[in-house]
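Asker: Chains V, X and A, in that order, are what the protein sequence lines are.
So the first sequence is numbered by our numbering: it starts at 1 and just counts up by one.
So the second sequence is numbered by our numbering: it starts at 276 and just counts up by one.
So the third sequence is numbered by our numbering: it starts at 696 and just counts up by one.
Warning: the hint list may mix true and false statements.
[What the hints assert, rightly or not] The calculated label-pair distances, taken between Cβ atoms and stated as ranges, are:
hint : chain 1 : residue 1 : chain 2 : residue 2 : range
1    : V       : ILE85     : X       : ALA553    : 54 to 60 Å
2    : V       : LEU255    : A       : THR720    : 45 to 51 Å
3    : A       : VAL994    : V       : ASN64     : 26 to 32 Å
4    : V       : SER35     : X       : ILE345    : 30 to 36 Å
5    : V       : PRO164    : X       : GLU346    : 57 to 63 Å
6    : A       : ARG846    : X       : HIS396    : 51 to 57 Å
7    : V       : TYR26     : A       : ARG846    : 17 to 23 Å
8    : X       : ALA553    : V       : TYR26     : 31 to 37 Å
9    : V       : PHE187    : A       : LEU859    : 55 to 61 Å
10   : V       : PHE60     : X       : ILE614    : 21 to 27 Å
[As the list claims (entries may be wrong)] Taking lysine to aspartate or glutamate pairs in the EDC-like style, the calculated list, with each CA pair at most 20 Å apart, reads:
hint : chain 1 : residue 1 : chain 2 : residue 2
11   : X       : LYS387    : A       : ASP778
12   : X       : LYS688    : A       : ASP778
13   : X       : LYS415    : X       : ASP376
14   : X       : LYS678    : A       : ASP778
15   : X       : LYS688    : A       : GLU906
Bear in mind the hints are in silico, worked out from the structure with no lab data behind them.
Note that CB positions come from ideal geometry on N, CA and C, so glycine has one too.
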Amino acid sequence: MRTWYGRSGFAALVTLIIVYSLFPFYWVFKSSMESSAALNQPTSSLLPNQWTWTHYQAIFAVANFLRPLLNSMFVAAAATLISVIVGAMAAYGLARMPIWGKTLILGFILLVSFFPQIAMVGPLFLVFRHLHWLNTYQSLIIPYLILAMPITIWILTAFFSQIPIDIEEAAMMDGASIPATILKVFFPIAMPGIFTAAILGFLLSWNDFLFALSFIHSPSMQTVPLALVNFRNAYYVHYGQIYAGVVVASLPIALVVLFLQRRIEAGLTAGSVKG
Amino acid sequence: MHDLTKFRKSGIGVLSATLLVTTLAGCGSTAQSKNVTLVFATQGLGTEAKATTAAVSAFEKIHPHIHVKIETLSASSNNAYQSLLNDFTSGSTTPDVITSDVIWPATFAAAKWILPLNQFHPKLGAFFPGMVKAGQYQGKLYAMPWFINVEGLYYRTNLVKTPPKTFAQLISDAHKAMAKNPKLMGLAFEGNKYEGAVTVFQDVSGGFGGSFLNAQGKPVLNSPQNIAALTWLNNAIKTGLSPKATTTWEEGNVQQAFLSGSAVFATNWPYLYPLAEASGSAVKGQVGFVPPPVQNGKPTASLGGDSLVINKNTKYPKQSWELIKYLTSASTMTHRALISGDPPARTDAYTSSLLKVAPWFKQEETVYKYATPRPVTPLYPRISAKIQEALSATYSGQLSPTKALDQAQAAVKAIMKNGN
Amino acid sequence: MATKVASRPTPAPVPSPRRRLSYTTSRIIVGYLLVTPALLILAMISLYPLIYNLVLSTRYDVLTQPGTQHFLGLANYRQILTDVNFWADMLRTGFFMVVSVGLEFVVGLILALVVNQKFKARGLVRASILIPWAIPTAVAALLWRMFFDTRSGFVDFALQALHLPGANLVWFNSPTLAWVPIILSDMWKNTPFIALLLLAGLQTIPQEIYESARIDGANAWQAFRRLTMPLLRPAIMVALIFRTLSALLVFDAVYVLTGGGPGQSTEVVAYYDWYKYLVDLNFGAGAAVAVIITIVALVLAALYVRLLRQRGGFMS
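Turn these sequences into a full structure, and let the hints guide you.
Answerer: And the structure:
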């Protein structure tokens, strides 16, 4: 590090890391700007041969890509909301209340998050079919709870444990009831942790492909990943549209990560490493 | 319902009067004037959707008491199939009328999910026999042919004087053209691991005198004819007649290769013809569409296309049949062909006015004669999956054609023995 | 576990002052009340399918053959455990687990060591590493399909520009090369996660011990081997088991990139199960595969839970 070659070697390594992480995005952006004809030719340049927005126009005008964007946002937000409310309650109980079996409960929750999703597909398919719930929002929100809730509980339990208990005790001494203490005194302090848990729950739900592929049949109900994979008609795969869609769907997520990087990192490592 | 919109312009009074009349009519129990809403589940976007909407509105004009709600299924065949399965297995009464890929009716019929149509005494004389055959299961008709589709052979009339009759001719024709222009590829075909590869293989297999099932319905995938056919396709890749990338190609890629003028021959469906003849196409005026060649066999063009079926649980079987009858009438089909280019499934729909606007249908018709359905059995999806694996394993050099087809034969035998 | 909690008698939800329950008792009751909904929901979505699978796996249940469902005993298991394709898929899944997790670990460790240094653009680097992690797996796979496209892909372009062999390869038609995009797309998406866990582990190592090691004359490599690696071991174990487990269930990337092809050369066990369930619509056989996968996953998970416990319990 101290020598010049050490420094430049390190700089090269850092550059390499950034390129490795971000270059695929550039390439997909570049491809999204090419005409369909150019996409079928061997690439000759790092820059697009021409700049065309036709694929972007097409995904909204023809393929109605707004719909899957809204679908994805809705189901991920709903699953996150439920997970955070129910998970915060559980985390409060685990972090604050003198119940026994905490280790077992947290162990069970961890085990649940390891439960193979593929093994849930069949039974949930049959149950949803019986309830006439296939191809509905709830057929996604329900399985997404298992993606979002365990990590929510783990993050919040770790976070809540770090908040000094004195504040709540003082409030209760003043005669506030337990619910009032929790709602009025505790949660305002806990908001950052809850926010972190919400981001991660949302991203994990947003990530799903398997459940959407298995339970969603109609074009109007598709989530973003499913819609992108299905950007085709009977004969023709619209590569240009797929790439434009990937760009549109990735941009907000990339911005979220850029701005909330610290929180996401803290959330991801909470519970699993800090112990 | 639909007819009311016309009146809306002529004032509220008329509208409410009409409403009153319809309501009263609804109260009376005369079945004829009862308003019903049919749900019609269909695939297709763009011009196909336009054609469907136009046909349905025309139908509603003739049958003012039948309203048709169009439910568009996913363009992905797998998703659409799942969606229908979901409706069927839950015993849903809708959709009433369903657009079915030609390979589905056997499965639906075996599961008793769709109505046999013989009770309606359909007149089938004008339809292409292959299409009719694909809609029959255990002696009964379950699916009315709607539009036909065949995997045929495209060639460039400026590069190949007369279309090849044999596979050997195809190779020599292609090599001649490639010798003049080394940038050309000889044959573009669908080689990816998916259903389209099976239709190409069926074309070649038939040409070599093979078939997937024998006359008794027993699998004969590893017959010498099939092995010869797969060997021929595999050699096309190995010898450079087809580009290596063809092993990952689907219709869209073949389309690109042919339309850009870089292929001498290509296998594909009729939809490609109007695109090739469109203004601005690099191959305009140089396109021929013929039945695939033969070698000891007979010309075989794998049958695709869509037919119409009726949900067994429908509340309105009669009205559903009326809709199907209308959609499969010659004039509706002609109209659809004009809007969307979907080739009619009956010969009398190819009117002179249609042929004037779309002259390629004339040439396409010669291929429809050789339309051959894929095996009509409820187990077809499973059989096809095994064939797809065998083709893909061969093209990627993992197995010899003989070995791959031996394995597929054993697997399909087991599937047909177990019934699943 | 969950049922035990749920079936506990739960008196008045919010203890009113008049009842005069002891402070601790009321807190215990409220505690369980708070935990119960989460446990119920999680049990319903995970344990219920598990039990359903156990029942279903003993039955003949093919969706396209209504009215033919019946008890089969262990026949579904027998059929699957004697299916060469199943074992081939298990083997391929194992191969994928070892290769992808191994590579992800090495690259993740390098990433963690780099961002553990103090340098100017550190925040930017940390964020750019994290972005791929936030992209849905299926979308990441689409992105890498583009990269390896034979016509407009970057890989072809780069190999050609550098005059390296391998240009014009049809990656997706080779039983071995088809794994490259799958593994790279999996690495790209998941290495950030490993790097993060390792980074968190690195940051718990006090700097002083490196100081004293340097005074003792240890060079950087020795310090890394003798100090960093042993102290990082818990974090490494956690990261490896987490990733191994999700690699066992790899599905999205395979579905999007290769569909298990060419032939069956990239077919993995989760794909095998999905196919049985939703393409063959054979829910009995699908359930049997699911049970087998669940057992393997739970054994791995139990190992993880044990390792965590050895490190002093879940709670700080």
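Asker: Now, for every hint given, state plainly whether the structure supports it.
Answerer: So, going through the hints one by one against the coordinates:
1. V:ILE85 / X:ALA553: 54 to 60 Å: For ILE85 of chain V and ALA553 of chain X the Cβ distance comes to about 57 Å; the hint holds.
2. V:LEU255 / A:THR720: 45 to 51 Å: 49 Å, holds
3. A:VAL994 / V:ASN64: 26 to 32 Å: 45 Å, violated
4. V:SER35 / X:ILE345: 30 to 36 Å: At 33 Å between Cβs, range holds.
5. V:PRO164 / X:GLU346: 57 to 63 Å: For GLU346 of chain X against PRO164 of chain V, whose Cβ atoms are near 58 Å apart, the range 57 to 63 Å holds.
6. A:ARG846 / X:HIS396: 51 to 57 Å: 53 Å, holds
7. V:TYR26 / A:ARG846: 17 to 23 Å: Check passed, 18 Å falls within 17 to 23 Å.
8. X:ALA553 / V:TYR26: 31 to 37 Å: For ALA553 of chain X and TYR26 of chain V the Cβ distance comes to about 34 Å; the hint holds.
9. V:PHE187 / A:LEU859: 55 to 61 Å: 58 Å, holds
10. V:PHE60 / X:ILE614: 21 to 27 Å: 25 Å, holds
11. X:LYS387 / A:ASP778: 31 Å, violated
12. X:LYS688 / A:ASP778: 14 Å, holds
13. X:LYS415 / X:ASP376: 18 Å, holds
14. X:LYS678 / A:ASP778: 18 Å, holds
15. X:LYS688 / A:GLU906: Distance ~71 Å between LYS688 of chain X and GLU906 of chain A Cα, so the pair is violated.
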